[in-house]
Amino acid sequence: MPHPHRRLKRSGLTMPIVTDRFISNAWHRGCDFINMDLEDSVPPALKGYARSLVRRSIPVVNKGGADAVCRINHDLMEADLDAVIWPGMVHVNYPKAEYGHEIRRMDEIITRLERERGIRPGTIAIGANIETAVGVANAYEIASASPRVRDFGGASGYDMSRDLGVEMFVGFDQFVYGKGEVELAARALNLEPRAAPFTPNITGSVSDPDRAFAEADAARQCGFRIGGGLHPFVVEPQNRGFTPNDAEISDAHWVLDEYRKLAVSNETWVQIDTQSLTPGDGPGPLDSSDNPNLRHRVIDRYEAARAAELLEWARLCADRDREKDEAIARVRAAADADAT
Amino acid sequence: MLIRRSLLIIPASNADALATAWSHDADAVILDIQAGVPPSQLAAARASLPDSIAAAGQGGADVLVRVNAPYWHADSNAAVCPALTGIVLPGAESPQQVADADAHLGNLELQRGIPAGRLELALSLETAAGVWHIRELMAASSRIKQVAIDEAALAAALGIVQNPSLDPFVYARGRLCIEATAIGVQPVAVLDPTRLGGDELSYDDKLRLATDARNLGFKGLVCVHPHWISAVNAAFTPTESLVDYYVQVREVFAQALAAGTAAAPFAGRMIDVPVDERAKDVLALSAACAARDAAKQAALASAGRQTGP
Numbered sequence: 001m002p003h004p005h006r007r008l009k010r011s012g013l014t015m016p017i018v019t020d021r022f023i024s025n026a027w028h029r030g031c032d033f034i035n036m037d038l039e040d041s042v043p044p045a046l047k048g049y050a051r052s053l054v055r056r057s058i059p060v061v062n063k064g065g066a067d068a069v070c071r072i073n074h075d076l077m078e079a080d081l082d083a084v085i086w087p088g089m090v091h092v093n094y095p096k097a098e099y100g101h102e103i104r105r106m107d108e109i110i111t112r113l114e115r116e117r118g119i120r121p122g123t124i125a126i127g128a129n130i131e132t133a134v135g136v137a138n139a140y141e142i143a144s145a146s147p148r149v150r151d152f153g154g155a156s157g158y159d160m161s162r163d164l165g166v167e168m169f170v171g172f173d174q175f176v177y178g179k180g181e182v183e184l185a186a187r188a189l190n191l192e193p194r195a196a197p198f199t200p201n202i203t204g205s206v207s208d209p210d211r212a213f214a215e216a217d218a219a220r221q222c223g224f225r226i227g228g229g230l231h232p233f234v235v236e237p238q239n240r241g242f243t244p245n246d247a248e249i250s251d252a253h254w255v256l257d258e259y260r261k262l263a264v265s266n267e268t269w270v271q272i273d274t275q276s277l278t279p280g281d282g283p284g285p286l287d288s289s290d291n292p293n294l295r296h297r298v299i300d301r302y303e304a305a306r307a308a309e310l311l312e313w314a315r316l317c318a319d320r321d322r323e324k325d326e327a328i329a330r331v332r333a334a335a336d337a338d339a340t
Numbered sequence: 001m002l003i004r005r006s007l008l009i010i011p012a013s014n015a016d017a018l019a020t021a022w023s024h025d026a027d028a029v030i031l032d033i034q035a036g037v038p039p040s041q042l043a044a045a046r047a048s049l050p051d052s053i054a055a056a057g058q059g060g061a062d063v064l065v066r067v068n069a070p071y072w073h074a075d076s077n078a079a080v081c082p083a084l085t086g087i088v089l090p091g092a093e094s095p096q097q098v099a100d101a102d103a104h105l106g107n108l109e110l111q112r113g114i115p116a117g118r119l120e121l122a123l124s125l126e127t128a129a130g131v132w133h134i135r136e137l138m139a140a141s142s143r144i145k146q147v148a149i150d151e152a153a154l155a156a157a158l159g160i161v162q163n164p165s166l167d168p169f170v171y172a173r174g175r176l177c178i179e180a181t182a183i184g185v186q187p188v189a190v191l192d193p194t195r196l197g198g199d200e201l202s203y204d205d206k207l208r209l210a211t212d213a214r215n216l217g218f219k220g221l222v223c224v225h226p227h228w229i230s231a232v233n234a235a236f237t238p239t240e241s242l243v244d245y246y247v248q249v250r251e252v253f254a255q256a257l258a259a260g261t262a263a264a265p266f267a268g269r270m271i272d273v274p275v276d277e278r279a280k281d282v283l284a285l286s287a288a289c290a291a292r293d294a295a296k297q298a299a300l301a302s303a304g305r306q307t308g309p
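Top line first, the protein sequences correspond to chains E and L. Heads up, the first sequence is in the working numbering, so the first residue is 1 and it goes up one at a time. Heads up, the second sequence is in the working numbering, so the first residue is 1 and it goes up one at a time.
Everything hinted at is true.
Which residues of chain L face chain E? A partial, calculated answer using Cβ under 8 Å:
1) Tyr171
2) Arg175
3) Asp212
4) Asn215
5) Gly268
No lab work stands behind these hints: they were computed from the structure. In this text, a Cβ means the ideal position worked out from N, Cα and C, and glycines have one as well.
Using the sequences provided together with the hints, build the complete structure.
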């Protein structure tokens with residue numbers, strides 16, 4: 001499952017690039033990525049000014065180890081790309097993607113700009129965001145239009161609600177079909193699906209940390225790995241929710257230990273009553289006292305594959321967290337040196 | 001903007017239903033000569049269609065006729081007159097069927113002095129093949145403004161025993177709303193009557209069911225009984241509180257723009273361009289619903305004078 005180009009995207013803040021206090025302060029929030037918005041949060045009169053800010057903002061948002069990401073305007077794609085394809089940019093979000101030819105055109109322009117501006121070919125990913133019914137209807141064509149499309153999702157949110165003429169927070173999953181179509185296209189093409197299971201939400205709050213954690217945790221349990229939001233309060237809960245905790249890591253090691261024992265005994269599976277085990281010093285299964293579903297555990301090749309993926313993901317998360325911690329430590333050390 | 005929230009369907013052979021159909025405030029009346037008419041009464045129902053259409057439309061409702069799939073040709077011949085809004089074609093599975101019906105309506109328009117292209121063709125899908133080929137079906141005629149899945153017919157075709165606690169049509173309904181919206185056709189809900197309970201449903205139950213349909217993307221709902229119409233009209237009309245909310249959204253967003261940003265917090269949510277665009281849509285829809293209601297009121301008043309006591 002892990003992709004060689006995989007950039008972790010557990011958390012990320014989207015902010016108007018024209019609001020300097022957001023851009024200047026975002027680096028220490030702990031985001032995996034920072035999405036500088038040229039689109040819906042920027043008034044039409046400021047589009048040109050917004051473009052002029054991108055190149056110099058990349059190192060600002062990079063300071064804490066976050067990836068620099070940009071959201072361009074659907075209708076201003078060519079001019080926006082010219083302003084955002086610079087060294088340090090890793091991903092360009094293209095909103096309201098509806099046809100494969102739009103993505104192929106973006107790929108051509110990005111390929112040329114990478115060459116002209118000294119960026120390793122193929123570095124910059126395209127986020128083809130599905131936000132309309134037409135986009136859902138053409139999901140596979142869009143997702144397969146360029147190898148730069150590495151993750152894929154959408155089919156929910158305010159634009160989608162507008163296109164369908166539905167309200168956003170209605171207590172049931174009004175987007176279930178579109179999200180399913182888009183996820184299926186992503187999975188069929190071996191792209192990282194950008195999706196989340198439905199959890200009822202009638203407040204529409206963008207700053208509730210408990211909700212952010214619960215959503216991220218549920219998303220991870222469903223095999224999704226990508227977060228993102230609008231408010232600094234949701235960054236840490238998303239990082240936590242998308243990262244396996246110590247008990248889950250111990251459980252995964254235990255599963256793999258038990259699976260290896262099967263190879264010795266020449267069996268393909270075994271069911272273990274975890275409450276009959278005596279806790280030892282080594283890895284052990286998740287506590288089933290609060291969750292009866294966890295008491296009788298089946299160990300087989302599928303469960304072993306799940307555990308192996310969890311450990312691989314946990315390792316990527318730990319590496320990424322170390323990267324960000326080191327980057328932030330460097331900034332602080334430099335600031336301390338300046339102060340003395 | 002086509003406002004067709006409630007579509008009252010009645011058997012064209014039911015004289016009592018026909019006599020009062022115009023008076024229930026439905027946006028449209030569908031005269032059914034398919035499932036609702038016994039074969040022995042089909043000829044009579046066909047012969048009286050022009051009168052029935054005129055009667056059903058007195059209250060300002062659009063009038064459509066649901067034809068029989070095997071006899072759509074003869075049924076259309078009987079139905080088409082200047083007062084007819086369009087034909088509901090059930091059970092289409094191939095684009096050729098739709099194109100044939102489209103061409104036939106074109107011929108009838110020419111023969112009967114109806115402006116070319118005015119007659120609508122509404123699709124009522126009844127089979128898995130119809131749902132699967134929905135995109136090609138809708139693309140086969142520019143007359144199509146509305147498309148529906150007849151859930152009772154689909155259940156029968158698939159061997160589904162309807163159980164109100166299970167919903168077998170999540171996928172089909174979602175596909176309908178997405179594909180129709182993508183091509184600019186209005187999806188219309190035809191909920192299975194067994195799911196709807198029956199006479200014991202309260203106004204609030206009906207309002208909730210219709211509101212849920214609206215929040216999946218449907219633009220109207222086919223009513224199998226007049227007692228559904230007021231709840232359905234209300235569900236598909238933006239409520240006063242929704243209109244108030246979006247008026248405030250527009251104000252907040254305008255102030256934000258003036259202050260140099262296009263994202264502003266409001267009531268714990270974030271208001272940006274798509275929310276403001278949605279606000280414009282809802283306010284326009286509200287105005288269009290009011291205009292439709294006024295037109296029906298005027299027609300009703302005029303019908304009342306003509307048929308009054």
